[in-house]
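Asks: Listed below are the residues making up each chain.
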Amino acid sequence: MKVTEAKAWLLARAGERGVELEVLATTDRKLSIEAQKGAVNDVSLSSSGGIGLRVVTDGRVGYAYTEELSEAALAWTLDEAIANAELQEDGSVTLPAGGALGRFELVDEGLSAPLQEKKAATIALEGKLAADGRVQSVQYAGYMERESEVEIASTTGVDGAFRTGLASLYSALVMREGDSVKQGYERDAQREFHQLDPGRTAQESLRKLGRHLGAKPLATGRRRAVFEPDVVATLLALFTYAVSGKNLAEGTSRLEGKLGQKVASELITIVDDATLPHGLGSRPFDAEGTPAKRLVIVEEGVLRSFLHNSDTAARTGQANTGHAKRSYRSTLDVGTSNLLLLPGGGVTLDSGVLVTDLMGVHAGANPITGDVSVQAMGMELVGGEQRPVEDFAISFNLFELLERVEQVGADVEPVAGFSGFAYVPSLAVADLSFAGS
Amino acid sequence: MLSTDSYAALLAQSRNAGADFAEVYVERWRRRQLRTIDGRVEEATSGIQLGAGIRLFFGEDVVYGYTNDLSDAALSELVASLASVRGAGDDVGRPDAAGRGGIDLRKLDAGPDVHAPTVPFEAHDKRWRLERLRELDAGARIAPEIKQVEGRLLEWEQDVWIANSEGAYVEDRRVRTRLIGFAIASDGSETQTGHAGPGLSMGLELLEKYDPAAVGRKAAELAMTNLRAKPAPAGTMPVVLGNGFGGVIFHEALGHLLETTGVARNASALSGMVGQQIASPVVTYVDDGTTPNGWGSSRFDDEAAPTERTVLINKGVLESYMVDRWGALKTGYRPTGSGRRQDYTFAPTSRMRNTFVTAGDTPKEKLFEGIEFGLYAKTLGGGQVRPGSGEYNFAVNEGYIIRDGEIAEPVRGAMLLGKGPDSIKKIVAVSDDLSNEPGMCGSLSGSLPVEVGQPHLLVSDIVVGGEA
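Protein chains in written order, with the working numbering: chain E, 105 to 541; chain A, 265 to 732.
Treat the hints with caution; some may be incorrect.
Stated by the list, open to error - In silico lysine-lysine, DSS-like type, Cα no more than 30 angstroms apart, as pairs:
id : chain 1 : residue 1 : chain 2 : residue 2
1  : A       : Lys683    : E       : Lys320
2  : E       : Lys366    : A       : Lys683
3  : E       : Lys362    : E       : Lys320
4  : A       : Lys690    : E       : Lys320
5  : A       : Lys473    : E       : Lys366
6  : E       : Lys362    : A       : Lys690
These are computed hints drawn from the structure, not numbers from a lab.
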């Protein structure tokens, strides 16, 4: 069966069995190209997708998904979803009522450049990286594009679709100068292929990694710290754990009961904006079909809202903010779209350590408590000079750190991280624990 | 899944398009996940994953594609697209006459499946599974400070079929089951967590081997230990690493550097060092894909090569890397059955299976003798490494101060960091209590089940990140 037929088949069977059903179908097309030594050496392309089911029966919810669209596989999937729902003793979940949302096109011709141009951009990136004498190895120099068609339909009337996509250039480098060896990654993601520039990505990769060569150990102590936008995006992603309505409902949000209270420095305003024009994370509606809007999460340090889907909103008695997130393989969650930290008056780079990169955040950060202890890379700020430092870790509590922010950068940078898209400036704090030698 | 003729036709088409080597990987998974919080069902989900990945080699260059559509027409179109993105204008390999006559597939037999489950995927109803998670929950209620308990049961049944243009054909079923307990303890001002998560290549008989109540209790005990722990000290000090999941240090700081994926690109700090003394002579390091029911075991790797026990480091001397097909082609090292991938959406790369430091002969207690001040990192969390520089870091989940040769008060929030190639030279003693633990390892070809393991080890100095 094709996706459209499978959707209709499932909705009809659900109707016959007297259960509510929401169907989320995704079809992805991906292309990636990598180059080595002046030629393309690795190409990958795919078209794939699947259908995710969310069943509600007597207020209880169950999930299942399938990538196999045979009638037997669809029947097994619907049976499992219903059995998963029936496993719950009780519940008060209802699928949100909706209507025809329409079909939205967010990509247009953005990825339509000929394959040869994409290969040429990849080769150009690799060439510019390899040309730098300090580069010991270009591990990866690549181009990646993705187009996704998302369709959603339910027995409660939701019906809509949109197509989105992005193009990116990325690199992984090992650089050496004397005995000093450093490895780093860089990625530039844009809505359209023509917004990419191999020269710019190469230059940024070399600048960001090359400045760490010749790093000296940093002595243990407390110092001022300035976080670059990449690091700020990582910290914000960690912070979103605490403003997730799901974690609030499950009792693991440290910000429970803090709505309307001061949770950060008044310099901090955090917004999630799914309507940001050309934003990498923009979408017309969320994974339940709730239309997108701009949401202020923290306003001048005061917590204004958690992120909610219909379920977490109902469970906590708060308003649905349209932040349902779900892939067809996963269960309903909440997630950000374009996460913004609004710019401030600028940061001074005259003292302390410029923290440029964190390593092992998934292991060294506890999102529930906010305790973070991670290895970092950085530059010691001495007068107007930046001197590379290494072999150190920084430790702090994220919530305390946000209260102690003393400066917010004036320029916002886009960061396409593993956990989402952010548009953030630098941040400075007066006093941070550095553990080194 | 496909007919033998379909595999043969796709492989012949690939060879005719100029590929020097072609491989068709087909996969079907069934999965279940059940998650409870405080004994109530929080999430119950099931799924079918199905797809095919086709990989073509043109010399050392690789093109890879995948699709969910397993019709002959769709797969043939995928081969054509892969040949076309490779580009007629590029320097493609010439069609090989030998490829034209069709490919004679022979099924490889690995003998009886030592990892096979004794309890089938369809056994027991969902209610039975829920009851086991409630036992886990009850087992974790050891103190009033335990505020929340999460239980998770994961069941995977993965069938793979792999055919390649050298005529190899394999079928393999990998069944894996994992039980995870996660406890949150709070005394009003502090909140700390603990977890335990046994997993093996077997069916629901895992729950007979690991009593769910005991798993819950273990998670809760760790959360309670961390609750009374003080912030860890910072600085450089001797560290005793615990057995079992303590092995993650070697997984991160050494194992990843021995994968040909990095070695072949000269992007590993340990490239080109076979035969050299790279570690302390007390270290022997093994990657074993054959351990019966091991979480990272399978009969074949994801490139149709039988798995094996590979000695990586013997008494400190580097003997072998972990070598996949591409790595063998690129470096000339012997393939070790190490080509793995998360699923059909990834091309395989060289990856670890069950990797551990072998047991030494020092009793564990002896490791602590003579340490005036140091850290006992009893259990570790995850970590990360940059193979090019060997820089690693990982979190200590359960740590204690060592004072005057004795294990003293618990500490939390410690982070171990350094450079792998330095740290492995600083291992001064290895105890006799080897054990392995399951984990998920993320790298280029996705997230994979692996075991890490070691006996207790003494490292003369490591930088510890904590509160300054």
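Asks: Would the pair E:Lys362 and A:Lys690 pass a check requiring their Cα atoms to be no farther apart than 30 angstroms?
Replies: violated (48 angstroms)
Asks: Sort out whether E:Lys320 lies within 30 angstroms of A:Lys690, counting only the CA atoms.
Replies: Holds. A:Lys690 to E:Lys320 sits at ~21 angstroms (cutoff 30 angstroms).
Asks: Are A:Lys683 and E:Lys320 close enough, with their CA atoms no more than 30 angstroms apart?
Replies: holds (14 angstroms)
Asks: Has the given pair, E:Lys362 with E:Lys320, been kept, meaning a C-alpha gap of at most 30 angstroms?
Replies: Violated, at roughly 42 angstroms.
Asks: Compare the distance between the alpha carbons of A:Lys473 and E:Lys366 with 30 angstroms, and conclude whether the hinted pair is satisfied.
Replies: Given pair A:Lys473, E:Lys366 is violated - Cα atoms ~50 angstroms apart, limit 30 angstroms.
Asks: Hinted pair, alpha-carbon criterion (30 angstroms max): E:Lys366, A:Lys683. Please report holds or violated.
Replies: violated (41 angstroms)
Violated hints for the displayed structure, listed by number in ascending order: 2, 3, 5 and 6.
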